Amino acid sequence: MTAPPVLEVKNLNTSFLLPIGEVRALRDISFDVRRGEILGLVGESGSGKSITGFSINGLLSPPGQVMSGSIRLHGQEITGLTPAAMRQLRGAKIAMVFQDPMMTLNPVLKISLQMGDALRAHARLSEREARARSIAALEEVGIPAPEERLDAFPHQLSGGMRQRVAVAIALLHEPDLVIMDEPTTALDVTIQGQILALVQRLCRERGTALIWITHDLAVVAGIADRILVMYAGRIVEDGTIDELLDTPAHPYTRGLIDSVPTREQRGSRLRQIPGRMPALTDIPEGCTFRPRCSFATDACAAPQEMRSLGTRLVRCCHPLTEVSA
Amino acid sequence: MSEPILTVRHATRRFGEGGDLVTRVLARLGLIRPRPIVTAVDDVSFELERGKVLGIVGESGCGKSTLGRMIAGLLPPSAGEIILNTGDGAAALPMQMIFQDPFSSLNPRKRVRDLVGEAPRVHRVVAPAELENYIERLMQRCGIDPSVRDRFAHQFSGGQRQRIGIARALAVEPEILVADEAVSALDVSVQAQIINLFMDLRDELGLTYVFISHDLGVVEHIADTILVMYLGRVVEMGPAEVVFDQPLHPYTRALIAGVPRLDRRHVVYAPIAGDIPSPIDPPPGCHFHPRCPFARDRCRAERPENRKVMGREVACHFAEDIASQKEPSSWPATQTA
Numbered sequence: 027m028t029a030p031p032v033l034e035v036k037n038l039n040t041s042f043l044l045p046i047g048e049v050r051a052l053r054d055i056s057f058d059v060r061r062g063e064i065l066g067l068v069g070e071s072g073s074g075k076s077i078t079g080f081s082i083n084g085l086l087s088p089p090g091q092v093m094s095g096s097i098r099l100h101g102q103e104i105t106g107l108t109p110a111a112m113r114q115l116r117g118a119k120i121a122m123v124f125q126d127p128m129m130t131l132n133p134v135l136k137i138s139l140q141m142g143d144a145l146r147a148h149a150r151l152s153e154r155e156a157r158a159r160s161i162a163a164l165e166e167v168g169i170p171a172p173e174e175r176l177d178a179f180p181h182q183l184s185g186g187m188r189q190r191v192a193v194a195i196a197l198l199h200e201p202d203l204v205i206m207d208e209p210t211t212a213l214d215v216t217i218q219g220q221i222l223a224l225v226q227r228l229c230r231e232r233g234t235a236l237i238w239i240t241h242d243l244a245v246v247a248g249i250a251d252r253i254l255v256m257y258a259g260r261i262v263e264d265g266t267i268d269e270l271l272d273t274p275a276h277p278y279t280r281g282l283i284d285s286v287p288t289r290e291q292r293g294s295r296l297r298q299i300p301g302r303m304p305a306l307t308d309i310p311e312g313c314t315f316r317p318r319c320s321f322a323t324d325a326c327a328a329p330q331e332m333r334s335l336g337t338r339l340v341r342c343c344h345p346l347t348e349v350s351a
Numbered sequence: 045m046s047e048p049i050l051t052v053r054h055a056t057r058r059f060g061e062g063g064d065l066v067t068r069v070l071a072r073l074g075l076i077r078p079r080p081i082v083t084a085v086d087d088v089s090f091e092l093e094r095g096k097v098l099g100i101v102g103e104s105g106c107g108k109s110t111l112g113r114m115i116a117g118l119l120p121p122s123a124g125e126i127i128l129n130t131g132d133g134a135a136a137l138p139m140q141m142i143f144q145d146p147f148s149s150l151n152p153r154k155r156v157r158d159l160v161g162e163a164p165r166v167h168r169v170v171a172p173a174e175l176e177n178y179i180e181r182l183m184q185r186c187g188i189d190p191s192v193r194d195r196f197a198h199q200f201s202g203g204q205r206q207r208i209g210i211a212r213a214l215a216v217e218p219e220i221l222v223a224d225e226a227v228s229a230l231d232v233s234v235q236a237q238i239i240n241l242f243m244d245l246r247d248e249l250g251l252t253y254v255f256i257s258h259d260l261g262v263v264e265h266i267a268d269t270i271l272v273m274y275l276g277r278v279v280e281m282g283p284a285e286v287v288f289d290q291p292l293h294p295y296t297r298a299l300i301a302g303v304p305r306l307d308r309r310h311v312v313y314a315p316i317a318g319d320i321p322s323p324i325d326p327p328p329g330c331h332f333h334p335r336c337p338f339a340r341d342r343c344r345a346e347r348p349e350n351r352k353v354m355g356r357e358v359a360c361h362f363a364e365d366i367a368s369q370k371e372p373s374s375w376p377a378t379q380t381a
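If you read the sequences in order, they're chains H and Y.
Here this note's numbering is used: the first residue of the first sequence is 27, the next is one more, and so on.
Here this note's numbering is used: the first residue of the second sequence is 45, the next is one more, and so on.
The hints are simulated quantities; they were obtained by calculation from the structure and are not laboratory data.
One or more of the hints may lead you astray.
A short list of chain H residues far from chain Y (calculated; beta carbon distances all over 10 angstroms) [what the hints assert, rightly or not]: (1) N39; (2) Q91; (3) I104; (4) A327.
Okay, the calculated bits of chain H under chain Y, using three or more residues with CB under 8 angstroms as the criterion [to be verified]: (5) 181-188; (6) 211-217; (7) 220-230; (8) 266-279; (9) 284-293.
Since the model is a prediction, treat every value here as computed from it, not as a measurement.
Even glycine gets a Cβ: it sits at the ideal position worked out from N, Cα and C.
With the rest of the complex left out, here is chain H (with noise of 0.2 angstroms):
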């Protein structure tokens, strides 16, 4: 018997309700994430990557709203939490990491500030001891000379250094749940691999699991233990990570994986997918990546569920792995 996951999420639905009507950003989203688990969730822009972060951390504002399914921590329902409530496990139990750090760090206040105030949210802490936890903290993200970062303001410091500042505050208080949205796609190659670096020794140690949100399958590829990859507000695949990128299922994980440059063409016309993805109010019935797929049938016009081929799942009617074997 295993522990039970960190993260539960069953038939998450998610919509924005504005003035032309329901727009539906998730659809029947499931998966769950265990202790020590790093998962990469890998779609292209809008294609609900990013709301399912919001919607799992309760940052979704309106017009965005939860309207069915259940979200899990340890087992605890945490939809229906008061906002308070939802304060308490934010920065506490679930953090989260933003693309750009310029933003997410107030640029009026020094650091010390910043990471006193995210430790004095869930801790009674004096003056001193919250610097102290801060310094330790920042050492930890190899941040050099810790003790004067901690009185620079956040433009004093380069983008790769506020990232690893962003990484401390969410770290500080030793969350079960870390989700990182994007968090290297503004930073250089070198400086991604320092976070990525740190990211995975900090996770791997402490067992805390990690959501991975990017675009970019190569960035999650080194690091994840499973991906989803979401389209058109679904998860069309979900599966380990050499499983999903040695043999994709679905059509879309398959053109996804032709799509980025690798030596091996090397001059050659890359395969690409046509077309590009539906709108969220304008999504076709039946398979949602129909109108692009090469391999559609008329079976694709039906809705489509998610299918279980051995430890994986996939939406597809007609699965790659199946066509091919």
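Based on the hints, put chain Y in the right spot on chain H.
For chain Y alone, kept in the frame of chain H given last:
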């Protein structure tokens, strides 16, 4: 070997020089502090053959965009020269640029027909009677349905806008295109479409590209020649397969090792330490020495010149040593766990 279409000799660009008369006088008198001078591009030389793709890579602040703008003629070099050898004046405007952000590089008040059609009309690339057909052909060629020619830029997605930007650049029949991070803002599946469009256009029109990107995967895919920059200087330059298969400069090695790839799974990242230094006050000697695991005293004092080593140019005092050495344990790399 054909005549190079583009020759860059000792191109240098400094920012913050001069200032107006009052500033200069006050600075001379010691009444105000002189403005810091940033050498964004420092003594860059290369030649580019017709029909080839040059990839310029590097991280923020390395000067790749400044170099691109100098090549495109948008910025004059502070020193050195940039020579275009574009045939017998056939091209109206031999050099065009494509920008990163398809949202801010298209005038939001203009319709597609004007965005694409204005330059060829003004420069008389086509007869006025032919213009409509010309615009239609260009749009079709770049994968935009000509029936949307009366729409405004905001009515298109990012990928579509980038296609409009490309159509606009092609409208004056250029020979060289400078693409500055032209696919960086796009989603993966759309990025692949635009990369394919770039390659098709090169084959059809014999275009020469200067392709600037921080994304090594993209550059490796399309470039014939790679130029790696760090803090304004070229650290390594050579044929793409030579540089990617056996990078010699420690920075190039760190960059290539740090690129996430689909076939690198379950890795333990051991990245190169340190931040990119400020270009206002770059480290002396070799700019890379504070982050370099191979750095010795000579690197701290003496600027390495670009030398020919194993089929490429590299600016490192110890390139031969590094080539023959096995990777030291402190070497930044990604290892499989």
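Evaluated hints:
Taking the minimum C-beta to C-beta distance to chain Y, about 24 angstroms, the non-interface status of H/N39 holds against the 10 angstroms cut. H/Q91, annotated as away from the interface, keeps every beta carbon of chain Y farther than 10 angstroms; the closest lies near 26 angstroms. With a least CB separation of 31 angstroms from chain Y, H/I104 remains clear of the 10 angstroms interface cut-off, as annotated. No Cβ of chain Y approaches the Cβ of H/A327 within 10 angstroms, the least distance being about 23 angstroms, so the stated non-interface status holds.
With 4 residues carrying a beta carbon less than 8 angstroms from a beta carbon of chain Y, the segment 181-188 of chain H meets the three-residue requirement, and the given coverage holds. Interface restraint, the segment 211-217 of chain H with chain Y: holds (4 residues with C-beta to C-beta distance below 8 angstroms; minimum three). Coverage of the segment 220-230 of chain H by chain Y holds in this model, with 4 residues showing a Cβ closer than 8 angstroms to a Cβ of that chain against a need of three. Using a Cβ-Cβ cut-off of 8 angstroms, 3 residues of the segment 266-279 of chain H lie near chain Y, which meets the minimum of three, so the contact claim holds.
Counting residues of the segment 284-293 of chain H whose C-beta sits closer than 8 angstroms to any C-beta of chain Y gives 9, which meets the bar of three, so the coverage hint holds.
Checked against the numbered hints above, the structure breaks none of them.
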